[in-house]
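Residue numbers (our numbering), protein chains in the order written: chain Z, 1 to 223; chain L, 1 to 156.
None of these hints come from the bench; they were simulated from the model. One should not assume that every hint holds.
Some chain Z residues close to chain L (C-beta under 10 Å, calculated; not the full set) [unchecked claim]:
#, residue
1, F13
2, G69
3, F70
4, L124
For every residue, glycine included, the Cβ atom is placed at its ideal position computed from N, Cα and C.
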Amino acid sequence: MSIINYASREIQFKIVYYGPALCGKTTNLNYIHQRINPLNRGDLVSLATATERTLFFDFLPLNALVIKGFVTKFQLYTVPGQVIYNATRQLVLRSVDGIVFVADSQWEKMEENVESLKNLSDNLALQNMVIEEIPCVLEYNKRDLPNVAPVNYMEYVLNNRKKRLQSFEVISSSGQNVFAALNAVSQILLHKFSKHSETPQGAPLPIAIPVEPAPPEARQLPA
Amino acid sequence: MNAIPVLTIEDVATLDGVLGDFLKKTEADLTVVIDRGGNVISQCGDMDVIDVTVIAALAAGSFAATRELARRIGEVEFNALYHQGNGSHMFMNSVDDETIMITVFGSRSTVGLVRFYSTTTAQNVAEVLKLLRRTAHGLSFDPKDISAEPVFVDHP
């Protein structure tokens, strides 16, 4: 849960990047770390195995001046995606304020995406939270690969709910829409605590850059 | 309407008093109170020594991870953890179900001294936080105070 320190005029928010194994969560944080103004970020801490698979979590602290009179500190975490590390995911989700769910767009990863989203819901339920009530956006990552599912299919599979989540076509390796997704979840989070809880009309929704589709001949249907 | 819990200037001053007294008695370098999600609640001492934000995130993870070890020997959790270095050491102890206290100390202090005073300090901090949760100050923002610019900018 976020907290305001009125003496130092600081607010802290925790944003967690969640998703199946090898979907690009750490790549998101690496890109943000490389591209954000160094004055506005701390060190990227990665607790990974020798093969660079996330073992515990990655952590990147960011500062921003977005609320008049306060320094806002965003703490970005990733969870380990591998199925066996569910206890670790529960720990990292503790006191979460916002979520970026990173889905792998490849056809063969769709089942893992669905399982991971369900796992997220189950783990949030342990904290008496539901995904619809927490600021959350979806990333459809790896849109540059040839065997990706169409966006409307991914929307049907992962975003089929009464109040749909904002979703982004992302290529985390080149950084396309990585900041758009981060800015979206940050704005939803900030407006959650505004005196009018709904995002007001005219509020600055981040602009997502459309991703060029792969050539038709490169697309493959699932077996 | 959602509101963020607030530590008022008075709350911070009270916590600073408790932690400052602890540092004086133990001659530790710094002490940080964090919630179990890794957020910093209060800090006192020489902040040039470490990046407090990173330490808070790692310490919360470390403390939580050892719960499983504790369960294997029939405990709910370990109340305290000690990491011994060559020159600098770290002591972490549970304040309450939601909060942990971290102390970094060097050769001027000893683990026994830190452990001894941390018990009373943790109780005092817990009392302050209990009162704070009961009074439950909350703040929500005027939408006009939230910047219309993107929060984070991609610098090519």
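Here's how the hints hold up against the structure:
no.	hint	verdict
1	F13	holds (9 Å)
2	G69	holds (7 Å)
3	F70	holds (9 Å)
4	L124	violated (13 Å)
In this structure, the one hint that does not hold is number 4.
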